[in-house]
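Quick note, the sequences are listed as chains A and B, same order.
First residue of the first sequence? That's 154 in the numbering used here, and the numbers climb one at a time after it.
First residue of the second sequence? That's 167 in the numbering used here, and the numbers climb one at a time after it.
Simulated from the structure, these hints should not be mistaken for lab results.
In silico lysine to any residue, SDA-like type, Cα no more than 20 Å apart, as pairs: (1) B:LYS259 - A:GLY206; (2) A:LYS194 - B:LYS388; (3) B:LYS278 - A:GLU277; (4) A:LYS194 - B:SER244; (5) B:LYS213 - B:GLN256; (6) B:LYS278 - A:ASN205; (7) B:LYS388 - A:CYS192; (8) B:LYS388 - B:SER297; (9) B:LYS259 - A:ASP220; (10) A:LYS189 - A:ILE231.
The lines below spell out each chain.
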Amino acid sequence: MEITFTINNEKRSLEVSPHQRLLDIIRKDLGLTAAKEGCGKGECGACTVLFNGEPVASCLVLAPQADGAEILTVEGLISREGELHPLQQAFLDTGAVQCGFCIPGSIMTGYRLLQDNPEPKREEVRQALAGNICRCTGYQKIVDAVQLAASRMQSGGDSSWAQDL
Amino acid sequence: MENSRRNASGRPKASGSDFEAEQENIQELGREVPVGSADYLAPKSLKKALEYRSRYGYKAVVIAGGTDIMVDYFERLSEVSSWLDLTKIQDLKEIKFGPEKIRLGSMVTHRKLATDSRIRENLPLLAESASEVGAWQIQSRGTLGGNIVTSSPAGDALAPLLAYQARFILGSVSGQREVAAEDFFTGPKENVMTQEELLIEVVIPTPREGTLSRWKKVGKRKAMIISSLTMALLLELDDKDEITAARAAYGAVAPRPIRATELEVYLTGRKLTEISAGKAGELAAQEISPITDIRGTVDFRCQVTRDITEQALLGFQQE
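Kindly generate the complete structure, drawing on both the sequences and the hints.
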């Protein structure tokens, strides 16, 4: 069956089968490999994407359920000029990326958190990212990264990034 | 989040490629079903959904948020011959606040329950339990109706629904019926629904002002965990601080979510200050019938039930 959806601001139509998951079509059919398959059972958060504006485990969404949906993955955070989103940059600057497997999911949840709460407290970041498991256990720096991005985005300027550290 | 292959009512056995048996079955039912052409049904109206439900019954796997069913069918999605997806039915996502009753559509998500200010104010047990389901990713998709129909004894919404005396509206092409939450669950992942029915709405009598309530979830982690046990305790007091009604509901401590009636009898008619919290905890622990599994032993569940009940009552007394 054919479904139509918007992914990273691009409208796409795809032939999918009801035996596929959203994660499968994002990674295999569209070649967007940021979202990862960790557990495949909605427990680890590595496959997190924004689905109609909310973080979801894309391994638990049936591909046909994406018909008409708006989807955002880490690939869609990069600007047209190829610049990283402040949240991505903050993950690099704080050293929040260890093996990197959980990072695309963590960034998407963090991105959604900052929409609701532009200045989250530490505990609020931890709460929001509770569904993104980092098996390198690099949680401190992941929380640092979200808070750093928040402060950079609040101050609005890019030039002060280095000083923030 | 339950990784179980047991079948709930409303959940089909994956029939695989057993095409002939399916055909026979269909002929028995005397209905024309275009097998093979209907692998994914996503009606926009409830009426259409009920028609499909009537035609396909257990042959079509009903999917709402998918947070349980996709785990159940992990790595065997190809065994599902038909899906009946309810996510396009807008009518089932509504919340209506009446003077006496709050009506929640079965497709309301946990996230909505956790963040809606009127739900938090009027139904705190439900809002708090929803905020502890899995994590954000699960709450965005998982639905109240899904939690109910899956009927896991560990379903986080179930103890609150029992404490609030919720009633479930089940619909089919031939009409509707109402079932009390307490009568709905019949065993682990089993309930009274037939293969023609869908859960449409959850109706909760609006709690009186000044109702005291306490929600507690105990699990091995703080997030992304199936509950080892849950408690939803609710007390209605009169102006003399006397308990006029008490409802104590527990999850994951029996084959189905239960109310501790002996405890409720003990609490009712007494002044809050006269209650022995210790005795209340003992009564709760005596009434549950837990099993030992990966989420906790019988001893653990009995001790923790006693402790959280006692703590909840001490908390009320200090307020």
